[in-house]
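Student: Residues per chain are reported as follows:
2 protein chains.
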Amino acid sequence: MQPIIYAVGFGPGDQLYMTTQAVSVLQKVDIIVGYTTYVKLLQEQFPEKQFLSTPMRQEVERCQLAVQVALQGKTVAMVSSGDSGIYGMTGILLEVVAAQGANIQVVAVPGVTAASAAASLLGAPLMHDFAVISLSDLMTPRSLIEKRITCAAVADFVICLYNPKSKKRTDHLAQATDLIAQYRKPETPVGIVRHAGRAEQAVWLSTLEKLKEEPVDMFCVILIGNSQTYVKDGKMITPRGYQLESEVML
Amino acid sequence: MQPIIYAVGFGPGDQLYMTTQAVSVLQKVDIIVGYTTYVKLLQEQFPEKQFLSTPMRQEVERCQLAVQVALQGKTVAMVSSGDSGIYGMTGILLEVVAAQGANIQVVAVPGVTAASAAASLLGAPLMHDFAVISLSDLMTPRSLIEKRITCAAVADFVICLYNPKSKKRTDHLAQATDLIAQYRKPETPVGIVRHAGRAEQAVWLSTLEKLKEEPVDMFCVILIGNSQTYVKDGKMITPRGYQLESEVML
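First to last, the protein sequences are chains A and B.
Residue 121 in numbering that gives the first Met the number 0 sits at position 122 of the first sequence; the count goes up by one each step and never skips.
Residue 163 in numbering that gives the first Met the number 0 sits at position 164 of the second sequence; the count goes up by one each step and never skips.
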């Protein structure tokens with residue numbers, strides 16, 4: 000039988016937000032492999048399981064570890080928070096398996112991505128077309144990130160920012176805010192969710208002009224409204240009704 | 000006690016892809032309200048439940064129905080396929096509750112959106128920044144849809160198209176393809192998923208130059224790769240490694 004590695008997106012962290020497929024896969028596999036922090040989250044919920052972990056930025060090594068274990072005849076789950084298919088481990092896992100020519104089947108188990116989890120806590124900010132952009136420049140040139148932000152702003156997409164800040168990257172969010180502010184009003188609603196769906200969860204509303212001052216870190220997801228987004232009764236809502244075309248043309 | 004309406008995203012349809020929270024909410028509520036087609040999907044899985052439905056395009060009426068039932072003291076789940084917060088019912092439900100001044104709490108239960116479900120079947124096309132665009136012009140001017148498509152193409156986003164075609168809208172996808180083809184190579188990989196996660200599921204790969212000829216309908220989600228996306232061993236993969244900047248500038 001061909002060995003299988005499941006690339007499992009486990010959502011925010013709690014079983015409440017996992018799909019029943021994710022739960023059953025995590026229950027049935029021999030070994031769960033993941034980033035150290037996520038492994039800790041899952042160990043509490045699956046205490047009888049065997050876990051293997053590697054630190055952040057050792058994604059390739061993590062995949063090689065999973066391949067090695069799978070080739071020994073164990074069934075393996077490689078876990079990502081959110082959806083394994085959105086900035087998660089599915090891609091690099093497929094690449095490592097292909098590069099090694101390993102006879103392994105990769106089965107992707109999708110999950111609730113951070114944008115969905117954050118949106119559900121803020122109201123309904125993603126009711127219309129949106130762009131998802133990571134501000135991390137570890138793997139992407141800053142010029143490309145800036146271009147994507149500008150294009151998303153021009154096109155009046157709701158903008159969802161992943162990895163908005165880290166200890167080393169403190170100015171990217173300010174720069175992104177300045178770019179967006181060229182095309183959107185200062186009072187544009189902004190929703191910030193930190194540790195969505197976890198014990199430390201924090202959810203708050205801000206505006207584009209105040210975004211730079213917000214206490215944002217790497218555990219936050221930021222949703223910036225389009226020209227129609229409004230706040231009512233504490234909920235951030237992007238209506239689906241007819242929208243006026245933005246003044247700014249390409 | 001304040002009445003509650005749960006806005007539940009149930010994913011592709013099968014309980015396998017529902018979160019455990021979605022399953023437990025659907026099990027505990029008195030009444031499930033939804034679009035006729037989705038109600039049929041859920042009736043098979045929750046046969047003991049009471050259901051109410053309205054046809055497509057009667058979203059406001061559906062919300063009014065849910066509000067009416069909730070005010071009678073019943074707990075209600077308003078269902079959407081995918082994620083209730085992405086082109087789903089959460090937004091219009093919040094708007095109807097606010098417009099009526101109804102003393103009702105809306106609790107959003109996020110789910111696996113169609114982009115995630117489709118991506119998991121195609122490989123790993125959403126490993127980098129992406130834009131989600133609906134081609135339906137029922138509620139959005141075509142000029143705005145065209146602008147978003149062009150901006151997404153210029154910015155080298157992976158592009159995910161929802162509602163790519165309907166019986167009345169047969170030319171929108173061809174037009175979108177022409178716009179994208181101005182900025183992306185003819186051989187750009189395209190993934191098409193019809194009825195993701197359902198019995199009728201179909202998954203196939205194509206290219207930008209062949210997209211117009213594909214048998215696409217309203218049940219499809221289309222993922223168009225960025226300049227780095229490739230196909231290997233039948234999997235569509237967008238790498239996360241350093242990307243070359245696109246030649247096209249704003």
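I should point out that these hints are in silico values taken from the structure, not numbers from a laboratory.
Hints may contain errors.
The list treats identical chains as one, so a pair stands whether inside a single copy or across any two.
Claimed, not checked - Keeping only pairs whose Cα atoms sit at most 27 Å apart, straight-line, the calculated BS3-like set for lysine-lysine is:
{"hint": "1", "residue 1": "K166", "residue 2": "K27"}
{"hint": "2", "residue 1": "K73", "residue 2": "K231"}
{"hint": "3", "residue 1": "K73", "residue 2": "K48"}
Remember, predicted model here, so these are calculated numbers, not experimental data.
Student: Now tell me if each hint is right for this structure.
Tutor: Evaluated hints:
1. K166 - K27: Classified as neither: same-chain Cα gap 37 Å, cross-chain 44 Å, threshold 27 Å.
2. K73 - K231: between (52 Å within a copy, 25 Å between copies)
3. K73 - K48: Classified as within; 13 Å inside a copy, 41 Å across copies.
In the structure shown, a violation is registered for the earlier hint numbered 1 alone.
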